[in-house]
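Here is what each chain is made of, one letter per residue.
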Amino acid sequence: MKKIITITYLIFLLSIGGYQVKAAEKTDLLKIDWSFKGLFGKFDRGSLQRGYQVYSEVCAGCHSMKYLSYRNLSEKGGPEFSFEQAKAIAASFEVTDGPNADGEMFARAGKLSDKFIMPYENERAAQAANGGAYPPDMSVLAKARSGGADYLYSILLGYEAPPSGTILDEGVYYNKYMYGNNIKMAKPLEDGLVEYSDGTTASEEQMAKDVVTFLMWAAEPHLESRHQMGFKVIVYLIILTILVYFSMKKIWSRIESEV
Amino acid sequence: MSDHDYQPTSKLGKWFNDRLPLLTLSNHLSEYPTPKNLNYWWTFGGILTFCLIAQIVTGIALAMHYIADSDLAFASVEHIMRDVNYGWLIRYVHANGASMFFLAVYIHIFRALYYGSYKSPREVIWIIGMIIYLLMMMTAFMGYVLPWGQMSFWGATVITNLFSAVPFVGEGIVSWLWGGFAVDNPTLTRFYALHYLLPFLILGLVVLHIWALHVPGNNNPIGIDIKKPSKDTVPFHPYIVIKDGFALLMFIIVFAFFVFYSPNILGHADNYIEANPMVTPAHIVPEWYLLPFYAILRSVPDKLFGVIAMFASIFVLVILPWLDTSKIRSAVFRPLYRQFYWILFIDVLILGYMGAMPAEGLYLLVARVATAYYFIHFLIIMPILGRKEKTIPLPLSITEPIIGGSPDLANIIKKKSLN
Amino acid sequence: MSDKKPKRREFLFTASYAVGAVGVAAVIWPLIDQMNPDASVKALASTEVDVSSVKPGNTITVLWRGKPVFIRRRTQDEITEAKLVKMEDLKHPEKDEDRAKNPEWLVMLGICTHLGCVPLNDKGDYDGWFCPCHGSHYDTSGRIRKGPAPTNMEVPKYEFVNANTIKIG
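Protein chains in written order, with my numbering: chain A, 148 to 406; chain B, 23 to 441; chain C, 6 to 174.
Keep in mind the hints are simulated off the structure, nothing from the lab.
Predicted model only: the values in this text are computed from it and were never measured.
Be a bit skeptical, because a hint or two may be false.
Here are the simulated lysine to any residue pairs, SDA-like style, with alpha carbons at most 25 Å apart [to be verified]:
no.	chain 1	residue 1	chain 2	residue 2
1	A	Lys397	C	Glu15
2	C	Lys172	A	Lys396
3	C	Lys151	C	Asn167
4	B	Lys36	B	Pro257
5	C	Lys47	B	Ser98
6	A	Lys213	B	Ser335
7	A	Lys396	B	Pro260
8	A	Lys396	B	Tyr62
9	A	Lys258	C	Leu49
10	A	Lys331	B	Asn298
11	C	Lys172	A	Ile236
12	A	Lys262	C	Leu95
13	B	Lys249	B	Pro415
14	B	Lys249	B	Ser98
15	B	Lys249	A	Ile398
Which bits of chain B does chain C cover? Going by a derived footprint, with three or more residues having C-beta under 8 Å, they are [to be verified]:
no.	segment
16	81–89
17	101–110
All C-beta atoms, glycine included, are put in the ideal place defined by N, C-alpha and C.
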């Protein structure tokens, strides 16, 4: 009986997993060994910090990240910039605040409690500036695309020359991993586009990896504590289950019957 | 019931119990004679009680932070995920809890189908159970709308549009459901109100479900009537409590794996995109637990009849106690039914799979055959089978299963308990 | 049954109960803690106020942690009046120097210590504040002089970041 239960569970898990995998991998996505995958998966701090650099220098011109605050940059489980660094990053942005006593909005330096500033006033403005395509908000992007981190990584590195005979409209680019292969975002990364402050060589792959790691953290800021807590919870549950199992055996041994 | 003459030992207990017999109730619950041969499939009743309570408790916690407003709902969910203390944990338990709830309820239903638990004298338990199941689907559907992602919005649009199939008043019903000309803020706020209300109706029905169970007592894997209490029964506490507890812990381990290691695998990526009434996602699928019904809906080419077929698929379950003409409850003693049971099981799995696939070509054909078979099973096979089937002789009691010199029976029962 | 058996059984049950109880407690904590101030609220725990435009004799009210804070630039008369009050006349004796480090500026929570109403500026018998709810009178140092309030208005933790900016909290 127990076997059957376990087997049913396994079938269930596998079928769900299989379905999900199938849906995700229409074209084989590029795969790399993300440090945040697995039971003990953690973010690579250096990668997160570099990823933030890529985001702020390359992506932030068009893509908002409206659910993140500057304080998140120094929080545990994230890029873990020091408190002072995060404060300096926040202060480097100009935030509109107000209204003041005269009823007017005013600009001030950003504070830790501020949300990431938006590149455009609103979605319409973003569309108008980008040929009608809204550059999606990146706060939860890594969870909002099936394939997740692998998908984003593949898109960033999936630009190639269109197959001969393909005619692309103006402002449309060819990307091997994009649904329908047409993407309105120009190829964002080039070797050496940013200069990493920690001396890492800014190859295209490196930047893609870093920024995707950063996006994964942005989408799932509590991933590390989730993994840590999960491990403790499951170890605890197994211990309790074993204890209860033997208690059950004891109790049922009072009557002559199988459990 | 055998415990009506229960008397509390303490004076205070007696005084209180004479005024409100809570102690009698708790004595009844702990002494409740339960067949001792119940297998692990019977533990899902307790597991479901846990699921309901877990959903209500986490749901109330989420309701303290969630904002039911089409401009703020998505952001408030992100606020829960990012800023609220343990908000991510509570939300992931709630979201995956819905799936675990349905997993458990499907096992519970298929157990009842296998062992004939819906038959006399337990029809009322079964019907209450079906109402609970229907309410669960409504609650889950409305809960899925609340995060106000793309799947929320378009799922709500598609499901509410089902009612437009009703002749003459369909359009009126749909705009009444929406409170507008499309799914919008009024729809969200009313879904929120109902999503909060329905679980408490379910809770009330669960009490009735258990009450109705305690009148005839549990069915059991052999499916025969047993004397209560007797050598064939054990008191609910501690025997069944500890066994249910053990099974529950196994269940929670699986639950925990989902929550901590693949919290989004049962959901859909598109629901992390905020609702946009101007763009429909490429592929709309309901949550996995509604897929078989979705397949039935789509396999009928007519809008109205598709909707009717979908509701009929639940209704045939409600009237099942009268469709099944067999006097024998347990499939253990019904060799033919046992085979049809597994065919039905596979049929439902196929329907579920087809519900997730695009409704075209071969998929559609298979879905149609599976839909037809689903109804054939309940409307044709079940009534005929009960009359024609040659069943295996029943034992007289659980403790003495071998009676009348049927040597095969011992083996069959042995096999069952190994399963 | 041997002598050891009942002991082991007892231990097993006690252990199961104990471990189970720990688990229940661990489950309850997140459900309680979710009601505590969240990360976004805590991030607003301090606020900086530009006071360059406040003239002597004027009070501005700013919101800090969801509560009003009075920032008053006191006139010389008010400061003198506050300093002259004898300690024995006070219900809640506090020196003005302790309440206003820089005597020109009085920073305090604008909440009556009676039942939490917001007192009115420049009102009452002591030239300070007057709470309209139940008639508490505060002096120019925000100290309770008459009425039901038990203590002086609370001075929050604050500092001058520079001559024109006060950081509260």
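Hint check results:
At roughly 10 Å between alpha-carbon atoms, Lys397/A and Glu15/C fall within 25 Å of each other, so this suggested pair holds. Taking the CA atoms of Lys172/C and Lys396/A, the gap is near 65 Å; set against the 25 Å cutoff, the hint is violated. With a C-alpha separation of about 36 Å, the suggested pairing of Lys151/C with Asn167/C is violated against the 25 Å cut-off. With a CA separation close to 23 Å, the supplied pair Lys36/B and Pro257/B stays within the 25 Å bound.
Annotation: proposed proximity of Lys47/C to Ser98/B holds, straight-line Cα distance about 17 Å (limit 25 Å). The straight-line distance between the Cα atoms of Lys213/A and Ser335/B is roughly 45 Å, outside the 25 Å bound, and the hint therefore fails. Distance restraint check for Lys396/A and Pro260/B: the Cα-Cα separation of roughly 12 Å lies within the 25 Å cut-off, and the hinted pair is therefore satisfied. Of the pairs offered as hints, the one joining Lys396/A and Tyr62/B holds, with about 14 Å between alpha carbons and a cut-off of 25 Å not exceeded.
Distance check on the hinted pair: Lys258/A and Leu49/C sit about 10 Å apart at the alpha-carbon level, within 25 Å; holds. A distance of roughly 19 Å separates the Cα atoms of Lys331/A and Asn298/B; the hinted pair therefore holds under the 25 Å criterion. Our distance criterion of 25 Å between C-alpha atoms is met by Lys172/C and Ile236/A, whose separation comes to about 20 Å. Using a Cα cut-off of 25 Å, the hinted pair Lys262/A and Leu95/C is violated, with the two alpha carbons roughly 46 Å apart.
The hinted pair formed by Lys249/B and Pro415/B meets the criterion: a straight-line CA distance of about 19 Å does not exceed 25 Å. Between Lys249/B and Ser98/B, the direct Cα distance comes to roughly 56 Å. Violation of the 25 Å bound is thereby established for this hinted pair. Of the supplied pair hints, the one linking Lys249/B and Ile398/A holds, its CA atoms being roughly 23 Å apart against a limit of 25 Å. Coverage of the segment 81–89 of chain B by chain C holds [criterion: at least 3 residues with CB-CB distance below 8 Å; count 3].
Counting residues of the segment 101–110 of chain B whose CB lies closer than 8 Å to any CB of chain C gives 7, which reaches the minimum of 3, so the coverage claim holds.
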